[in-house]
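Participant: As you go down the protein sequences, you meet chains W and S in turn.
Mapping of the first sequence onto the working numbering: position 113 corresponds to residue 113, and the numbering continues sequentially without gaps.
Mapping of the second sequence onto the working numbering: position 137 corresponds to residue 1137, and the numbering continues sequentially without gaps.
It should be emphasised that the hints constitute simulated quantities derived from the structure, not laboratory data.
Remember, it's a predicted structure, so these values are computed and weren't measured experimentally.
Quick reminder that beta carbons are idealized off the backbone N, C-alpha and C, glycines included.
One or more of the hints may lead you astray.
What follows is a list of derived Cβ distance ranges for each label pair [what the hints assert, rightly or not]:
1) W:109 with S:1004: 36 to 42 Å
2) S:1028 with W:115: 25 to 31 Å
3) S:1004 with W:57: 24 to 30 Å
4) S:1306 with W:101: 47 to 53 Å
5) S:1101 with W:300: 32 to 38 Å
6) W:38 with S:1171: 48 to 54 Å
7) W:38 with S:1055: 38 to 44 Å
Computed, partial: chain W to chain S, Cβ under 7 Å [what the hints assert, rightly or not]:
8) 44
9) 45
10) 89
Protein chains: 2
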Amino acid sequence: MGIAEFELIERYFSALPGYGRGVDLGIGDDCALLTVPAGQQLAVSIDTLVEGTHFLAGIDAEQLAHRALASCVSDLAAMGATPAWLTLALTLPEADEAWLRLFSQGLAAALQRYGLSLVGGDTTRGHRTLSLQVHGWVPEGQALTRRGAKPGDGIWVSGTLGDAMAGLELLQRQQPSDQVPDPFLLQRFYQPTARIELGQALRGIASAALDISDGLLADLGHLLTPENLGAQIELDRLPYSAAMLAQFDPARAQQWALAGGEDFELCFTVPHANEALLAQKLSGLAVDCRRIGRVCAEPGLVGATGGEMIALSAQGYQHF
Amino acid sequence: MGIAEFELIERYFSALPGYGRGVDLGIGDDCALLTVPAGQQLAVSIDTLVEGTHFLAGIDAEQLAHRALASCVSDLAAMGATPAWLTLALTLPEADEAWLRLFSQGLAAALQRYGLSLVGGDTTRGHRTLSLQVHGWVPEGQALTRRGAKPGDGIWVSGTLGDAMAGLELLQRQQPSDQVPDPFLLQRFYQPTARIELGQALRGIASAALDISDGLLADLGHLLTPENLGAQIELDRLPYSAAMLAQFDPARAQQWALAGGEDFELCFTVPHANEALLAQKLSGLAVDCRRIGRVCAEPGLVGATGGEMIALSAQGYQHF
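Same shape as in the complex, but just chain W (with noise of 0.2 Å):
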């Protein structure tokens, strides 16, 4: 990009507030400078979007932002870690200044959300792509992972599954002019909730964590084939948005719900011991969490529904 371009670009980067704290020098230097409080460790995860394969062409500036940020910032709910700071990489094919207004907008208010503080960036020419690097820290030893599943813990998912697809099916579908889709559904998918508080408090209590990206049978194998474990998990207490109800079949509802993704919530499992810890600590959060199922010795999923049993994958379930 030409020097003018970029002077526009880090106008609206750089005029951004900054809520992370332990920011010792921000963006404008050859690196950040950052401190990460005594006694923590420092957690991190990049994530990159590329339009077409991961955002549509036309997706509005200000909800990609928010998106973009969200999915990342989950990754950080899923270790139990506090968020602090984010760098951008940036790659566009010009530099519109209206689409960076609604980009940079969308951006300060998921930085405030969160609490981060956008401490570095880099801004090239070419196909539309975004690479977040979030930070945050974590104390020592006390953070969520995806290894500590054993059989018997209960499988938990926090809030309701499947809404960010159903929200996508709505953008996607032809729409009467009459009707507007569902804004809660819309809402699910622009702006998925990363749950930091929810992680917060699983610390010392789940024996292991992540977030739902690629639906949560997938996910759930990220806990139990490395343990070598399976699962047993009763649909009928997979958890449901009243919107996704009122709109989807059920049998649709609970494909979205095993299989779909996007959702970001989180997928954990608590030894049987804990769970009265677990109630006393969920009690004081805005998120409702439910417990679906449980970890089995034996690989392989298992789905229970009025006394049948279904064998599952990860794209869904086939029938026995």
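Add chain S to chain W, keeping to what the hints say.
Facilitator: Frame of chain W; chain S shown alone:
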């Protein structure tokens, strides 16, 4: 990409050896968990390289990996930081196994050279684009920054200038079939050296520093303009390599040295009182450094050569 493709890519990157300390949990969870040593600030920088803009489409993948990492690590060098960790967001048009093998070989060698561990990443499909974030640490309050130059400070550069542009010129020039391009200049383009040891040695000595990525005069502007200062450059003291002098005329060499960029040498300012200490520090290092000018109280860049004074701009020079 398909799951098999992702697994292929993961296989190459998860097999990379690690050299950075403080990795508590590496690739494979929602976040990496890292420990910054006590008394140190974290230094981070993210850079994106887009095929066709920052590197040629046919570039050897091993060379690309080395050049990409060195150019990013150079930002740590410019702060006086110690490299520790890398995250890599890789967008690829396809999972080309031959390309991945070469790229991961080059990356492994570069990680070893600079002492980093790859701790996380993301792989997506699209136009070939690399975003690399480097992480390092520096003793609290001792980082070199771009702010701090004062009138009278000497302006210093490491190594020789303009070599990367000369190497690129050789690469792009049609060579007679019996002539092999100068390997030193090609190496300076493909495998720039991040001046880590020099950056660390300059802590407490240099008043300001950065690495030369855009060209000496453009980058020097980043040290001077925010302080409302200028500089006088002794053009006859600019450092050239023997290969440069043998193959290009002096005017071309000077233009590349002033405005060429991509050399990733350090440019730094040193108060007169610290020059003896600097000489002592430099005697233990493998790279030569040379004072090429002085910071002036008046804004503007002036070149001095054979008693003549020349007005310089970031793009090079024009006579009065």
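Participant: Each of the hints needs a verdict: does it hold here or not?
Facilitator: Results of checking the hints against the structure:
1. W:109 with S:1004: 36 to 42 Å: 39 Å, holds
2. S:1028 with W:115: 25 to 31 Å: Once the Cβ atoms are compared, 27 Å apart, the range 25 to 31 Å for residue 115 of chain W and residue 1028 of chain S holds.
3. S:1004 with W:57: 24 to 30 Å: Holds: the Cβ-Cβ distance is about 27 Å, inside 24 to 30 Å.
4. S:1306 with W:101: 47 to 53 Å: 52 Å, holds
5. S:1101 with W:300: 32 to 38 Å: Holds - the Cβ-Cβ distance for residue 1101 of chain S and residue 300 of chain W, about 35 Å, lies within 32 to 38 Å.
6. W:38 with S:1171: 48 to 54 Å: 49 Å, holds
7. W:38 with S:1055: 38 to 44 Å: Between residue 38 of chain W and residue 1055 of chain S, where Cβ atoms are some 41 Å apart, the hint holds.
8. 44: Constraint on residue 44 of chain W satisfied, holds at 5 Å.
9. 45: OK, holds: residue 45 of chain W within 7 Å of chain S, min 4 Å.
10. 89: Hint on residue 89 of chain W: holds, closest Cβ of chain S at ~4 Å, below 7 Å.
Consistency with the previously given hints is maintained throughout, with no hint failing.
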